[in-house]
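Please model the entire structure based on the sequences and the hints provided.
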Amino acid sequence: MDLDYGPEYDQFRAEVRDFIARNRHLAPRSSGRAARPSPEAVAWQTLLIGHGYTARTIPHEYGGYGAEPDILKSRIIAEEFARAGAPGGLSNQGISMLVPTLLELGTEEQKRLWIPSTLRGEIVWCQGYSEPGAGSDLAALRTSAREESGHFIINGQKIWTSTAKQADMIFCLVRTELDAPKHAGISYLIFSMDTPGIEVRPLRTMTGHAEFNETFFTDVRVPVDQIVGERGQGWSVANATLGHERGMLGDPDALENRLLALVRLMQEERIGAARVMDDLVLRDRLVGLQAEVAAMKCNGMRILSNQLKGEPGGMAKLVVKLQSCELAHQISALAIDAMGELGILYGGGERERDGGAWQWNYMFQLGLIIGGGTAQIQKNIIAERGLNMPREPRPKVSRPAVRKEVA
Amino acid sequence: MDFGLSPEQEMLKDAVARCLAETCPLDHVRACADAGTAVSEAVGAALSTMGLTGLMIPEAHGGLGLPLLDAVVVAEELGRAVAPVPFLARSALAPLAMTLAGSNEQQARWLPLIASGDARFGVAISGIVERRDGSTVRADGNGLSGTALLALDFEGASHFVVADDAGRLHVIDADADGVEPVPLKTIDVTRGTGELRLSGARCESLSDDGGSAARRLRDAGRVLLAADSLGAADAMIAKAVAYAGEREQFGRVIGSFQAVKHMCAEMAARHEPCRALVWYAAHAFDAMPDEAALSACHAKSLTGEVHRFVARTATEVHGGMGFTDLLGLHYWFKRIGFDRQVLGGPERVRAEAAHLQGWATVAA
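Chains A and B are the protein sequences, given in the same order.
For reference, each letter of the first sequence is one residue, going -19 to 387 in the working numbering.
For reference, each letter of the second sequence is one residue, going 3 to 366 in the working numbering.
Hints are all accurate, no fakes.
Rough simulated footprint, nothing fancy, chain B against chain A, three-plus residues with beta-carbon under 8 Å: (1) -19 to -12; (2) 254 to 264; (3) 274 to 287.
Sample of chain B residues with no beta-carbon within 12 Å of chain A, all distances over it, derived: (4) A19; (5) E24; (6) S50; (7) G213; (8) P291.
Below, a list of computed lysine-lysine pairs in the DSS-like style, where the Cα atoms sit at most 30 Å apart: (9) K289/A / K277/A; (10) K15/B / K289/A; (11) K15/B / K241/B; (12) K336/B / K15/B; (13) K241/B / K277/A; (14) K336/B / K241/B; (15) K241/B / K187/B; (16) K277/A / K15/B; (17) K336/B / K187/B.
Since the hints were made in silico from the structure, they are not lab data.
Note that beta-carbon positions come from the ideal geometry of N, C-alpha and C, so glycine has one too.
Written out as structure tokens, the structure reads:
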């Protein structure tokens, strides 16, 4: 057991810390997660790339910093920006999901065309995966793309397309081989959201906001060369990026920040003259959550250590999405309970705490428990891949997802 | 940066596991239980050959001089095997009491005896966690008087380390005048537990340090109980998964039903992060004194909660068979129950954790 990163890394950490101290006045006020980055956010992104604090290992010719992968340095950067409360680089689905996919499977032309502009925040992407009839069973998707004179003609509907309203481009899973078994008939296309035939309708959620959209395609024409990977191999192309999405949902530093905010809330709130922190039941729940957050932090260090040794993440990694999303939800739930009757306030007003963030989080985090692979799918993965338990029996023949109409 | 066990610790783990696989199969655990003993001579002798009685004793005094994390590795394997053998108090807490609060002369006298197995210690410090049934241990010119309610590794002990009400540690001889050792029947027949009724018992006092050594013992004890629980829960999950892969109903192995599969996944998901937390708590005890007490609380309370869930869920996966004595699953169930309660259940420990962080305006 050795928690020291060593002198080379201590030096690196000092550099990062110094950079943040000298430059944080340039950091954008709005979060890097805003759909369309502000000019300040783009300038900040450019500054960070120039120092290798984001897009660190992406090759220079594609607009990145071009450093050799170094897990500890990446970890130090994340830790220091989180500790300082300074925004890291832009964080959106284009950068977190499309860029790694193109790096792995894109053509040289695709890489040059899309990666630099995406990293600079000029191109905003949305993800077209889920459909009303294809959620957990994503491979059952039915949005079709038939080839006609050098184009795919796309018809169908996607759902959960966050940022579709603002997006310039979409990376999208479509069914190109109608006769193939369902996993083998999918292709991964990228195309402009300005293409005629695309309609985006905001999808209001239980939070009262439209964090997502439904996107409809009617005879949308996309040149056949705007495919990533081969025809019919879209399933494996997409799976390369689903791992990146789940990794984003289990950050222990984020959990710790939420917990610290909850501690502050419970120290500030009063019931009569007494601090909420002195309520034995609520405080007991708080310490219980603190122990769980500590366990997830330690689990994260264990995963990091395994990565350094080139060992697989194993069970420690498989449980992260399920446990972290549940824990985040419970932290928000306790915050609402700590506010007592005033926990119901939402949607504005002077008595509302933290701009209603706790209620919004409580609802949105339930969405995160469901999204990105539901809790039930996560349990299947843990049982089947982690514990080697048998799969649910499936029909013997995998039928095409779309049956040909009988004339 | 290396978060986890060292290659030497992995070797220790494998060696203890192999030793217990040979000497301590379930039949042996059952035989000891039927014979009414929690001290298996065979297992004890095998572990002693590996030097485990002196695991935490400095090399100068005849031990291996290893830190708590190594003891955690051993405790986890003992829990996995539900081994009826004294370890926690005898080989970890008693030597710690000597190194933390014994004079040079006391260390030189006692530690070699503990390492060789000639002095076999139990430890009774429950009074500093919470006093039940009005129990109290007073030290005065006449020696120790009162009742130390829970003495760990009680069976077969030749001596005890006892904490008085002020938290000072004392050594007593089990056979001394004024010492009445009374065995307690508990759920866990793999641990020999008892109480000490003291009336002017002659004692040898360790340093009057305001209770700091006793608190260190409590922290180490919590981490080791958490580690024991970790091993026992690991075994229960493995047994549940194996059973679900063999047992057939409705023409399928029950492990292919999501209802059963998800029970196993939930156990694994809640259990796995506990492992890293217990390692961290042991490392904090060894190397980060500011974090040691809080980390021990977290490890103890979280394993207490998670492994109660594991114990009942793994039993349920076995259906009716889990409830019988035939599979012996209850040995693990009860071991986990013991680990949860002793040296503070989750609520008690969380209250202390809040106090440690200055969150409580009223003392815990």
